[in-house]
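Chemist: Residues per chain, in single letters:
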Amino acid sequence: MFTEIYGNLMKIFPADIYDQKCCNENELYLHANPAKILDFCTHINTEMGYSLVSMFANDETSLCEKYAVYYVFSDREKGLFLTLITLIDPLKMEFVSICEKVHAAALYEREIKDLFGLDPIGHPNAKRLVFHSNWPDGEFPLRKSYDVKHKPDFAKENISFNKVTGEGVFEIPVGPVHAGTIEPGHFRFSVAGEPIINLEAQLYFVHKGIEKMCEGESIERCLFVSERISGDETFANSYAYCQAIEKIAKMKIPPRAEYTRVIFAELERLTSHLGDLGGICLDTAYGFAAFQFRMMKGWAYGVADELCGMRFLRGVNKLGGVKLDFVAGKESKLIDQLNRIRTELEDTVKIIKANSLFIDRVENTGILQMSIAVDLNVTGPAGRASGIRYDVRKAFANDAYKQLTFTVPEHNNGDVNCRMNVKIEECFASIDLILKSLEMMPDGKVLEPIHSVEPFAYGLGIMESPRGENIHWVMTGENNTIFRYKIRTPSFCTWPAVCHAVKGNIVPDFPLINKSFNLSYAGNDL
Amino acid sequence: MFNVIRKIVKYPRLAQDYPRKPLDSSLFIGRPEIDLGKCTGCGECVNRCPSRAIVLDKKENGIGINYDECIFCTLCEEICPVGAVKMTNKFELAEKDRKLLRKSPIIIEERNISDKSYEVICSELSLNIKKTFGRSLQIREVDSGSCNACDSEINALNNPFNDIERLGIKFVASPRHADMLLVTGAATRNMQLALAKTYNATPDPKLVVAVGACACSGGIFRDTYATSNGIDSIVPVDVYIPGCPPRPQAILYGILKALDRV
Chain H
890 MFTEIYGNLM
900 KIFPADIYDQ
910 KCCNENELYL
920 HANPAKILDF
930 CTHINTEMGY
940 SLVSMFANDE
950 TSLCEKYAVY
960 YVFSDREKGL
970 FLTLITLIDP
980 LKMEFVSICE
990 KVHAAALYER
1000 EIKDLFGLDP
1010 IGHPNAKRLV
1020 FHSNWPDGEF
1030 PLRKSYDVKH
1040 KPDFAKENIS
1050 FNKVTGEGVF
1060 EIPVGPVHAG
1070 TIEPGHFRFS
1080 VAGEPIINLE
1090 AQLYFVHKGI
1100 EKMCEGESIE
1110 RCLFVSERIS
1120 GDETFANSYA
1130 YCQAIEKIAK
1140 MKIPPRAEYT
1150 RVIFAELERL
1160 TSHLGDLGGI
1170 CLDTAYGFAA
1180 FQFRMMKGWA
1190 YGVADELCGM
1200 RFLRGVNKLG
1210 GVKLDFVAGK
1220 ESKLIDQLNR
1230 IRTELEDTVK
1240 IIKANSLFID
1250 RVENTGILQM
1260 SIAVDLNVTG
1270 PAGRASGIRY
1280 DVRKAFANDA
1290 YKQLTFTVPE
1300 HNNGDVNCRM
1310 NVKIEECFAS
1320 IDLILKSLEM
1330 MPDGKVLEPI
1340 HSVEPFAYGL
1350 GIMESPRGEN
1360 IHWVMTGENN
1370 TIFRYKIRTP
1380 SFCTWPAVCH
1390 AVKGNIVPDF
1400 PLINKSFNLS
1410 YAGNDL
Chain Y
23 MFNVIRKIVK
33 YPRLAQDYPR
43 KPLDSSLFIG
53 RPEIDLGKCT
63 GCGECVNRCP
73 SRAIVLDKKE
83 NGIGINYDEC
93 IFCTLCEEIC
103 PVGAVKMTNK
113 FELAEKDRKL
123 LRKSPIIIEE
133 RNISDKSYEV
143 ICSELSLNIK
153 KTFGRSLQIR
163 EVDSGSCNAC
173 DSEINALNNP
183 FNDIERLGIK
193 FVASPRHADM
203 LLVTGAATRN
213 MQLALAKTYN
223 ATPDPKLVVA
233 VGACACSGGI
243 FRDTYATSNG
253 IDSIVPVDVY
263 IPGCPPRPQA
273 ILYGILKALD
283 RV
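Going line by line, the protein sequences match chains H and Y.
Residues in the first sequence are numbered from 890 upward in steps of one, following my numbering.
Residues in the second sequence are numbered from 23 upward in steps of one, following my numbering.
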């Protein structure tokens, strides 16, 4: 598989691939010429059809006296990762921007600029992303020389928003403290009357420095940090982290643990989607339906309580499996409760779909075009509603998902209605998956603990969270610590898509559109 | 329409009677406790605790857990070689004084925020505050850098099971309408100014409740370049609710504790 890809690339760029390394079964790493990176990425993205799924820098001055930039592409049909590595001289501190050709790279490059001080040459809009005006110039926390506890003085730098001018054009600033019980973010609407001309989101209010604080910590501690990246994606994040470490340790978790993880991952998806559906109904002032969904969400939390004593599924995953055999002996109760949720969901969906006022509100609202979704690498329910037929559980299936059959919803219109329908269909699919897993689960161990890992090895963990594709890249350090931990949650890719989807809609529809995406601020800001 | 009425009749009341009647907490994971009789002081849990909440005083051979920092991950119970640590079902952990949650003394770092309107920490609250808010309370929630789990649990207070409005407590959209700020998260650098401004915008007298380990002490995100160690370095706090995240009922208990209603 890899020899073919490598051979084809060697034909086109014979002098620009310095080195290659295959690891962890489905990852190919190529050291490439930094001067040719734009051609490389354009070829891989447009000719070969691979998507840019993550991009990050790494301070490897202690290893090879250079900084490295990693470009991770994925082949979603074959389930492969192709990563390009370019090395950057610390005296130069700049790299060629690829975002003119590979649009998904735009945010990653701004992030690298903020955190490492590496300058993307040719970036059309390289203003600050992670840091706000209070952060002084010249402080780059992800460099190894930066002390994690060092808090620089508050500064007053200038960050400007895109200005829309003209007769009757107003700006509406919203946030960071919102009217609802939600996370902080600042939105700047430019409107002429009711319709939105432009929306700019300033996020990173909840930036906590997770990636930096994991460096040098034990792999065990980072598992608990990964559970706390984003509350309602707890399990998907810890799953991706565990998968990365298990790949590095070259071990396979026991089959019963795989199935247990499927059950918990699907339970998390069910809970999250029920909450989103309730939110959509609440934002259209459809109180009855909102409370029906909240009741079902409460039942789903009850299932979680029953299984592990934690409503947010924390402390379930372990490196090498799951902590306990949570499911054993609770099967019949679980089946009863899930069937109750399914019956209630069927009834409620019938009622809301028969309500023409409600459907009128969600149909053709907040359309995300497929071309934009592809360019920005939007995945998950938002991508599937816009016609992207991609699900991590199919493309990068683990052994359990390979055995289980389920259908991925197919919608094309990209509006709130489609996103809602995707979520409804996925709720039913999740319930079915849990019930099937319960039947198919083999007996046996659930944990084979990992005590030590090889130093300076790396691997990618990938999981479909309720919001989409979730990718964690881990590089280990000495004595079972983490050298670099790059987290990319689906929210990071999908936030710019929200700004596109609201254009032309009226301001009162923004909360509804936002809720239909239901992105995580914490998962984006890290 | 007929279907809607049928549903309403089918589920007339789901709200639990908590806090009037105690809750069945047998399934809950509450706070860990150390059996000092069994503990050998080996320090395994102290070294491996993800949020470094367990403190060992070698001189007095005293070991204890700072519950404001604890993330209730159950690791200490799992790794204790002599089985001295046990997770209990206790979830009503809110305290008015952070010292009561801690084994080791608190170090609150003072930070300067570059905003002139920033109010200096003052803990002088009107004495009749409880009389004023005893019956009805308006809450404004502020996320100052949480992972959104605490916010989800606060949202769950409004669900049919907890239905906080039956106690006369309501969530409002503006700090101007609020009597209490419910703050989650570790007060990140980018949120500190917004938190201070929200506090200043809330009319006196007011209460502040810190929800979750991050708001109490910084939790697992303590001591990074972008977070502060608890919101009490920014605003005065009346009640601390530990947990990661605390259950809706634990939050409810903390809110009522602030009002002296429990």
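Derived from the structure by calculation, the hints contain no laboratory data.
Among the hints, a few may not be true.
Only pairs whose alpha carbons sit at most 27 Å apart, straight line, appear in this in silico DSSO-like list of lysine-lysine [claimed, not checked]:
hint: 1; chain 1: Y; residue 1: Lys43; chain 2: H; residue 2: Lys1052
hint: 2; chain 1: Y; residue 1: Lys219; chain 2: Y; residue 2: Lys43
hint: 3; chain 1: H; residue 1: Lys1239; chain 2: Y; residue 2: Lys219
hint: 4; chain 1: H; residue 1: Lys925; chain 2: H; residue 2: Lys900
hint: 5; chain 1: Y; residue 1: Lys112; chain 2: H; residue 2: Lys1219
hint: 6; chain 1: Y; residue 1: Lys43; chain 2: Y; residue 2: Lys125
hint: 7; chain 1: H; residue 1: Lys1222; chain 2: Y; residue 2: Lys29
Chemist: Given the proposed pairing of Lys43/Y with Lys125/Y, does the C-alpha separation stay at or below 27 Å?
Modeler: Violated, at roughly 31 Å.
Chemist: Given the hint that Lys219/Y pairs with Lys43/Y, test it: the Cα-Cα distance must not exceed 27 Å.
Modeler: It is violated: about 38 Å lies between the C-alpha atoms, which goes past 27 Å.
Chemist: Need the status of pair Lys1222/H, Lys29/Y: alpha-carbon distance at most 27 Å?
Modeler: holds (23 Å)
Chemist: Given the hint that Lys112/Y pairs with Lys1219/H, test it: the Cα-Cα distance must not exceed 27 Å.
Modeler: Given that 27 Å is the threshold and the Cα spacing comes to 23 Å, the pair holds.
Chemist: Is the hinted pair Lys43/Y and Lys1052/H satisfied, with a Cα-Cα distance of at most 27 Å?
Modeler: Not satisfied, since the Cα-Cα distance of roughly 57 Å exceeds 27 Å.
Chemist: Hey, Lys925/H versus Lys900/H, does the alpha-carbon distance stay inside 27 Å?
Modeler: Holds. Lys925/H to Lys900/H sits at ~15 Å (cutoff 27 Å).
Chemist: Check whether the Cα positions of Lys1239/H and Lys219/Y lie no farther apart than 27 Å.
Modeler: At roughly 45 Å apart (the allowed maximum being 27 Å), Lys219/Y and Lys1239/H break the hint.
In this structure, the earlier hints numbered 1, 2, 3 and 6 are contradicted, and the remaining ones agree with it.
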